[in-house]
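There are 2 protein chains.
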Amino acid sequence: MDQRPIGVFDSGLGGLTALRELRRILPGEELVYFGDTGRVPYGTKGKETILHYACQDVSFLRTFDPKAIVVACGTVSANALEELQRENDLPIFAVVTPAARAAVESTRNKRVGLIGTSASIRSGAYEREMARLDPGVRVTARACPLFVPLVENGRFRPGDRVAELVVEEYLTPIKDAGVDTLVLGCTHYPLLMDTVRSFMGPNVTLIDTGAVCANHAADTLRERGLLAQREKGSYRCFVSDSIEDFTHLASIFLGEPLEGEVERVEIWRY
Amino acid sequence: MDQRPIGVFDSGLGGLTALRELRRILPGEELVYFGDTGRVPYGTKGKETILHYACQDVSFLRTFDPKAIVVACGTVSANALEELQRENDLPIFAVVTPAARAAVESTRNKRVGLIGTSASIRSGAYEREMARLDPGVRVTARACPLFVPLVENGRFRPGDRVAELVVEEYLTPIKDAGVDTLVLGCTHYPLLMDTVRSFMGPNVTLIDTGAVCANHAADTLRERGLLAQREKGSYRCFVSDSIEDFTHLASIFLGEPLEGEVERVEIWRY
Chain A
2 MDQRPIGVFD SGLGGLTALR ELRRILPGEE LVYFGDTGRV PYGTKGKETI LHYACQDVSF
62 LRTFDPKAIV VACGTVSANA LEELQRENDL PIFAVVTPAA RAAVESTRNK RVGLIGTSAS
122 IRSGAYEREM ARLDPGVRVT ARACPLFVPL VENGRFRPGD RVAELVVEEY LTPIKDAGVD
182 TLVLGCTHYP LLMDTVRSFM GPNVTLIDTG AVCANHAADT LRERGLLAQR EKGSYRCFVS
242 DSIEDFTHLA SIFLGEPLEG EVERVEIWRY
Chain B
2 MDQRPIGVFD SGLGGLTALR ELRRILPGEE LVYFGDTGRV PYGTKGKETI LHYACQDVSF
62 LRTFDPKAIV VACGTVSANA LEELQRENDL PIFAVVTPAA RAAVESTRNK RVGLIGTSAS
122 IRSGAYEREM ARLDPGVRVT ARACPLFVPL VENGRFRPGD RVAELVVEEY LTPIKDAGVD
182 TLVLGCTHYP LLMDTVRSFM GPNVTLIDTG AVCANHAADT LRERGLLAQR EKGSYRCFVS
242 DSIEDFTHLA SIFLGEPLEG EVERVEIWRY
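Protein chains in written order, with my numbering: chain A, 2 to 271; chain B, 2 to 271.
It should be emphasised that the hints constitute simulated quantities derived from the structure, not laboratory data.
Worth double-checking, as some hints may not be accurate.
For chains that are exact copies, the list does not tell them apart, and a pair is met inside one copy or across any two.
With a straight-line Cα cutoff of 16 angstroms, these simulated EDC-like cross-link-like pairs (lysine to aspartate or glutamate) come out [as the list claims (entries may be wrong)]:
1) Lys233 <-> Asp246
2) Lys48 <-> Asp246
3) Lys48 <-> Glu257
4) Lys176 <-> Glu106
5) Lys48 <-> Glu267
6) Lys48 <-> Glu245
7) Lys233 <-> Asp90
8) Lys233 <-> Glu84
9) Lys48 <-> Asp161
10) Lys176 <-> Glu88
11) Lys68 <-> Glu31
12) Lys68 <-> Glu245
13) Lys233 <-> Glu31
14) Lys68 <-> Asp135
15) Lys48 <-> Asp195
16) Lys233 <-> Asp177
17) Lys68 <-> Asp90
18) Lys48 <-> Asp90
Only a predicted model underlies this, so the values are computations on that prediction, with no experimental measurement involved.
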């Protein structure tokens with residue numbers, strides 16, 4: 002048993018899709034969320050910048066003495082996980098490995114689609130992990146740099162013509178490749194799930210990386226006897242930009258009204 | 002005469018449209034450009050964050066002992082200019098005032114359209130300045146939060162279906178208002194000029210804020226006897242993210258191959 006909180010972070014709002022899943026499967030845990038809204042997006046930035054930001058994000062979360070950290074950001078998971086794990090002596094869970102495993106277990110025809118930010122796709126991290134798990138899987142990958150701006154601007158509702166056109170443009174080569182599984186390699190993308198599903202059709206399994214990562218973290222903590230013993234946990238949110246702008250969209254990401262106060266943190270000090 | 006350089010900055014690539022104009026009209030000047038590509042975009046961020054970033058940008062440029070600074074960013078101009086001018090004892094030129102003057106002088110039917118980032122439109126700075134110059138001008142303003150991501154991702158060429166659809170969506174209410182002048186209140190937007198012109202029609206005058214700001218700065222420096230005496234000046238570029246990603250798009254913004262080296266700067270240290 003470990004009553005300490007779990008830290009969760011993302012470049013912005015996307016990681017709230019993982020927070021939501023953690024709350025659902027581990028209702029007794031205390032959670033601390035940090036969204037780096039003052040520097041979002043990460044996915045169009047270079048590896049060096051991503052690493053610098055991710056280290057600060059972890060340093061901030063460590064001030065809460067967490068028992069584990071969930072990197073609820075595909076870009077950080079694909080570009081900075083090894084460094085974060087090397088420099089921090091606590092469990093750090095990320096989206097790449099559990100998402101790759103879920104995709105390899107899901108595919109029947111060995112054709113998997115992968116979408117993510119430019120930095121995630123450029124890293125090759127998801128492909129390497131899938132190839133390690135099953136060298137026979139053929140991956141069709143595509144960077145979708147406009148998805149995060151669309152989602153962060155609230156443009157994810159079915160019927161949004163711009164979102165539909167961008168989905169069509171990015172996903173056409175993946176659909177044409179005949180994949181039966183598509184990894185949404187960024188925690189922002191589940192917000193576009195309905196539009197993506199409508200384009201890809203009902204026979205393609207969509208892997209929600211935030212959710213699989215949350216489940217992987219929960220399973221591991223349970224195995225190690227590190228879950229909290231508490232009737233009902235809560236969560237706190239911190240952001241690096243305006244609190245108002247975050248609060249507005251966060252409830253949509255969480256699927257429920259935001260609980261408690263949101264606080265602003267000067268992340269560049271960490 | 003003043004042989005010192007002129008500093009120019011923007012959140013990313015957009016300000017290069019002002020740098021290009023400065024080089025055209027003041028070929029003898031030395032120019033130092035900083036693009037905060039590691040924290041772009043500014044226009045979706047809150048005022049406090051924008052101010053913090055802008056102060057660091059100016060601090061960095063001041064290490065070159067410039068004779069003046071050009072804020073080639075609509076968002077900073079609209080949200081942080083007063084503070085920057087109060088805290089720095091050198092001429093700081095920004096886009097809002099010259100763009101507002103150009104619009105008021107251009108309009109015949111007293112109906113002006115204004116587009117900019119969310120933070121620029123929210124500030125009301127352009128409208129205040131136009132009302133001060135001519136209270137009879139009616140402004141129809143619209144935030145265009147997807148324009149900067151489109152441009153920073155190279156999606157500005159005529160025929161880009163997504164860019165065309167976004168332009169149509171944002172500009173329809175402005176076109177419907179019957180404006181004869183449209184202020185492109187962000188230095189990224191001139192890259193979308195052809196698509197915007199094609200939608201608005203040939204009878205609407207487009208105000209390129211980067212260019213009018215460059216001309217305003219040049220006129221003022223000339224009046225004060227602060228221009229350099231030099232056959233041919235040059236420019237240096239600094240960015241806060243990957244040099245490769247910047248170099249690729251910068252030549253398109255400049256309309257010519259990038260001259261000299263680009264250097265990376267850790268802007269958070271300033």
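Going through the hints against the structure:
no.: 1; hint: Lys233 <-> Asp246; in the structure: neither (28 angstroms within a copy, 47 angstroms between copies)
no.: 2; hint: Lys48 <-> Asp246; in the structure: between (27 angstroms within a copy, 11 angstroms between copies)
no.: 3; hint: Lys48 <-> Glu257; in the structure: neither (34 angstroms within a copy, 28 angstroms between copies)
no.: 4; hint: Lys176 <-> Glu106; in the structure: neither (19 angstroms within a copy, 52 angstroms between copies)
no.: 5; hint: Lys48 <-> Glu267; in the structure: between (22 angstroms within a copy, 14 angstroms between copies)
no.: 6; hint: Lys48 <-> Glu245; in the structure: between (30 angstroms within a copy, 12 angstroms between copies)
no.: 7; hint: Lys233 <-> Asp90; in the structure: neither (28 angstroms within a copy, 56 angstroms between copies)
no.: 8; hint: Lys233 <-> Glu84; in the structure: neither (34 angstroms within a copy, 46 angstroms between copies)
no.: 9; hint: Lys48 <-> Asp161; in the structure: neither (32 angstroms within a copy, 29 angstroms between copies)
no.: 10; hint: Lys176 <-> Glu88; in the structure: neither (40 angstroms within a copy, 55 angstroms between copies)
no.: 11; hint: Lys68 <-> Glu31; in the structure: within (10 angstroms within a copy, 54 angstroms between copies)
no.: 12; hint: Lys68 <-> Glu245; in the structure: neither (30 angstroms within a copy, 38 angstroms between copies)
no.: 13; hint: Lys233 <-> Glu31; in the structure: within (9 angstroms within a copy, 63 angstroms between copies)
no.: 14; hint: Lys68 <-> Asp135; in the structure: neither (32 angstroms within a copy, 61 angstroms between copies)
no.: 15; hint: Lys48 <-> Asp195; in the structure: neither (31 angstroms within a copy, 34 angstroms between copies)
no.: 16; hint: Lys233 <-> Asp177; in the structure: neither (46 angstroms within a copy, 54 angstroms between copies)
no.: 17; hint: Lys68 <-> Asp90; in the structure: within (10 angstroms within a copy, 50 angstroms between copies)
no.: 18; hint: Lys48 <-> Asp90; in the structure: neither (22 angstroms within a copy, 37 angstroms between copies)
Of the hints listed earlier, those the structure fails to meet are numbers 1, 3, 4, 7, 8, 9, 10, 12, 14, 15, 16 and 18, in rising order.
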